[in-house]
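Work the whole structure out from these sequences, hints included.
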Amino acid sequence: MSTPLISIAEVGHQFGPYNVTIPSVRANAYAAAVGGDESPDYGDSLAPIMVVAAALTELIKDLGLFSGGLQTVHAGQEVNWVRQIKIGEKVYAAGRLSANSIRRGNHFATVSVSYTDSSGTEIGTSSSTIIVSGEAS
Amino acid sequence: MTSSNSQRAVGDALKSFERTITQDRVDAYAEASGDHNPIHLDESYASTTQFGTRISHGMLSLALVTEMLAINFPDTWHNGGKLKVRFSAPVFPGETVVIYGEIMLIDESDAGLIVTCSIGCKKPDGTNAVSGRATVPLE
Numbered sequence: 116m117s118t119p120l121i122s123i124a125e126v127g128h129q130f131g132p133y134n135v136t137i138p139s140v141r142a143n144a145y146a147a148a149v150g151g152d153e154s155p156d157y158g159d160s161l162a163p164i165m166v167v168a169a170a171l172t173e174l175i176k177d178l179g180l181f182s183g184g185l186q187t188v189h190a191g192q193e194v195n196w197v198r199q200i201k202i203g204e205k206v207y208a209a210g211r212l213s214a215n216s217i218r219r220g221n222h223f224a225t226v227s228v229s230y231t232d233s234s235g236t237e238i239g240t241s242s243s244t245i246i247v248s249g250e251a252s
Numbered sequence: 019m020t021s022s023n024s025q026r027a028v029g030d031a032l033k034s035f036e037r038t039i040t041q042d043r044v045d046a047y048a049e050a051s052g053d054h055n056p057i058h059l060d061e062s063y064a065s066t067t068q069f070g071t072r073i074s075h076g077m078l079s080l081a082l083v084t085e086m087l088a089i090n091f092p093d094t095w096h097n098g099g100k101l102k103v104r105f106s107a108p109v110f111p112g113e114t115v116v117i118y119g120e121i122m123l124i125d126e127s128d129a130g131l132i133v134t135c136s137i138g139c140k141k142p143d144g145t146n147a148v149s150g151r152a153t154v155p156l157e
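Residue numbers (the working numbering), protein chains in the order written: chain A, 116 to 252; chain B, 19 to 157.
Heads up, some of the hints might be wrong.
In silico DSSO-like links for lysine-lysine, alpha-carbon gap of 27 Å or less [stated by the list, open to error]:
id, chain 1, residue 1, chain 2, residue 2
1, B, 33, B, 140
2, B, 100, A, 201
3, B, 140, B, 102
4, A, 176, A, 201
5, B, 100, A, 176
6, B, 140, B, 100
7, B, 102, A, 201
8, B, 100, A, 205
9, A, 205, B, 102
10, A, 176, B, 102
11, B, 100, B, 141
12, B, 33, B, 100
13, B, 33, B, 141
14, B, 33, A, 201
Derived contacts from chain B toward chain A, CB cut-off under 7 Å, selection only [what the hints assert, rightly or not]:
id, residue
15, 26
16, 43
17, 81
18, 104
19, 123
Simulated from the structure, these hints should not be mistaken for laboratory data. Remember, predicted model here, so these are calculated numbers, not experimental data. For glycine and all other residues, C-beta sits at the position ideal for the given N, C-alpha and C.
Dropping the structure here:
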């Protein structure tokens, strides 16, 4: 098994940019997962947290956190959003490892992400903190 | 500012709701997010983990919290809202969670009134799966 990136990446390591454009089929799946009688009608817009989740999935893959034997805990999340986005609107997510330390045998990593639209304008930011255990020493 | 926003006050509870996190919802969230980690989907795999069974995505619980914010602040949450949360406990399929919030502070800024809320997702045993704070413009 290759060494997961989380074990060797240094602060400042860059991820992506990922295309996190959300098509209608995934927006519909989101509504099925989250929605209820009291849910707002988003029309042709998206809940921005869905874009954050899509970017997080890509980051987890690139960090090697799906590797066998690793136990991963999503410990914290920050999200700042500037404007509503549309289903199918092009959105790109660029990540940066902003912290990566080992405490008591556990890896604590924080990845900051900037989301931009097709014009390059930032439309949101997020920061995810992940704790990983079970790495080979 | 809408009339409902102008009437908000510190200490007000936000409109909350309950949601049962079924495995169908978890499966749908995997499709939505692209996160097909077997700890959420494969019972035989999940039984070998520290949790002993499948768990819901933490981001699904957070999505419910942002749904609550969109219900309470339909004009502004997605246009300038911010949140910071920690994930404290897993939610297991079949559990019914309560999504809640309360206004802690209303501040005047250059951009207008900003409300700060405590927010969270509470499990049936009363512990928080997700907890934190959100700030939302009121206008």
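Hint check:
{"no.": "1", "hint": "33(B) with 140(B)", "verdict": "holds (14 Å)"}
{"no.": "2", "hint": "100(B) with 201(A)", "verdict": "holds (19 Å)"}
{"no.": "3", "hint": "140(B) with 102(B)", "verdict": "holds (16 Å)"}
{"no.": "4", "hint": "176(A) with 201(A)", "verdict": "holds (25 Å)"}
{"no.": "5", "hint": "100(B) with 176(A)", "verdict": "holds (26 Å)"}
{"no.": "6", "hint": "140(B) with 100(B)", "verdict": "holds (20 Å)"}
{"no.": "7", "hint": "102(B) with 201(A)", "verdict": "holds (24 Å)"}
{"no.": "8", "hint": "100(B) with 205(A)", "verdict": "holds (22 Å)"}
{"no.": "9", "hint": "205(A) with 102(B)", "verdict": "holds (25 Å)"}
{"no.": "10", "hint": "176(A) with 102(B)", "verdict": "holds (23 Å)"}
{"no.": "11", "hint": "100(B) with 141(B)", "verdict": "holds (23 Å)"}
{"no.": "12", "hint": "33(B) with 100(B)", "verdict": "holds (18 Å)"}
{"no.": "13", "hint": "33(B) with 141(B)", "verdict": "holds (17 Å)"}
{"no.": "14", "hint": "33(B) with 201(A)", "verdict": "holds (26 Å)"}
{"no.": "15", "hint": "26", "verdict": "violated (18 Å)"}
{"no.": "16", "hint": "43", "verdict": "holds (5 Å)"}
{"no.": "17", "hint": "81", "verdict": "holds (5 Å)"}
{"no.": "18", "hint": "104", "verdict": "holds (5 Å)"}
{"no.": "19", "hint": "123", "verdict": "violated (18 Å)"}
The structure fails hints 15, 19 (numbered hints given earlier, in ascending order).
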